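Asks: Could you build the full structure based on these sequences and the hints that come with them?
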Amino acid sequence: MGLFNRKKKEEDKKSAVLTLYSVTLDSKNIYEVAKEEFLEVTKSIKEIEGGLEFIFKDETSLNLHLKDDLSFVSNHTNGMANFFSQAPLENKEVLDKAILQIKMFTCTVGITFEINEDERRTNYITNTIYEIAERTQSFVLYPSMELYTSKGELLISINGETDFEKYYPIASSDILKRDVEMTAKDEERYKKIIKECDEKKIPHTSFMLGTQIMEQEVVVPSIEEIAKRAVTIFSCAVYSEGLLMENGSIDIAKYEFEEMNKRYGIIDYISKKEKEYIEMEEPDEITAIQFAWQYERCAVLLWALGFIELNPCTEICNVREIAKILRSYDSLDELMKASNPRNNEELLDMHTRVLYYHWACVDARINNKEVPGGLDSGVVQEQHYALNWLISANGECDWDDISPNT
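When we follow the numbering used here, the leftmost residue of the sequence shown carries the number 51, and every step to the right adds one.
I should point out that these hints are in silico values taken from the structure, not numbers from a laboratory.
A quick note: this is a predicted structure, and the numbers were derived from the prediction, not measured.
Treat each hint with caution, since some may be false.
[Stated by the list, open to error] Dumping the calculated DSSO-like pairs for lysine-lysine here, alpha-carbon to alpha-carbon at most 30 angstroms: (1) K78 to K93; (2) K78 to K64; (3) K312 to K322.
Replies: Spelled out as structure tokens, the structure:
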């Protein structure tokens, strides 16, 4: 392309910044798409800290910095949603849907590129970024805090502007699987949960959340898979307790974990992140606390297997009860034989309930309000994680890759 054949002049060096926000679950593919779209004008590509640098044929550069860590993206998008919720947009339905869209983002890509006086060149780069957005289910944010769709339509600006009279959020098809139709039973479930929320004074959306799973989408793991997950989660939480307790130590933690391993053979089916955690030479306190919270996930799985009733989302689970159950059996086979699994309808009811509770917790956080209905947001989030896995709300992905989106 001739626009990029002229060498840059040092005095012309200026930069522009755009940010992509995507709902894709394949975040690394954004880099591959960018390579394809800029191929014609690219001289070389090199890895830089946190991203890639494209050197164009005119010796100017464009940098991409991808952020897809779940915790980072969640905090970032919640802050962004809170920011845009203040926009004076008269169409409140579009405002609500725009905020919902923002909370569905799974990754961000910061883009910085050099510009000069040649508007055609700048337009080419900008248009190419929109092509990348189109291919990766992304939106484009300008420094002026205007968020555009990949087709160049203004979704929302901080000044309260939009090109939409109606808007329907998009999300990864791997999350939402919107190729199914809602049945009367699905609608009845939604209405029942919303009625419960009203009775408990828990706020909710005026529409069905896109992340609500339909009955025909549910895929439940086998009893063996659920049992393996339950004992593994418990063992890692016990490991954390051995570290965090008064006078705790890594020796105590390892001893407790090994006792459970002897009973259930956990080491054969532990997840990658769990394995990395128990093999840390000096586990940090934050990670230990995160794994200790997972007693709540274990409680959900034992509930699914019919061993316990779930405590309300206003209080933490009964760890002593969980420990008593899992230390009452000498093998996975014994545990499985003693189970009385709940049916798919019960699992889906609970998932739907906790999904709307989680939405209320997120809404309270981003709007700096008190969590409603006495809900414990930590309990709700952990339960949502386990329930997503139980009904395959994120598709049949690995335990470590579950994403409890609202």
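Asks: Each hint: holds or not?
Replies: Checked hints:
1. K78 to K93: OK: K78 and K93 at ~21 angstroms, within 30 angstroms.
2. K78 to K64: Since the Cα atoms of K78 and K64 sit roughly 28 angstroms apart, the hinted pair holds (cutoff 30 angstroms).
3. K312 to K322: holds (20 angstroms)
Every hint, counting from the list given before, is met by this structure.
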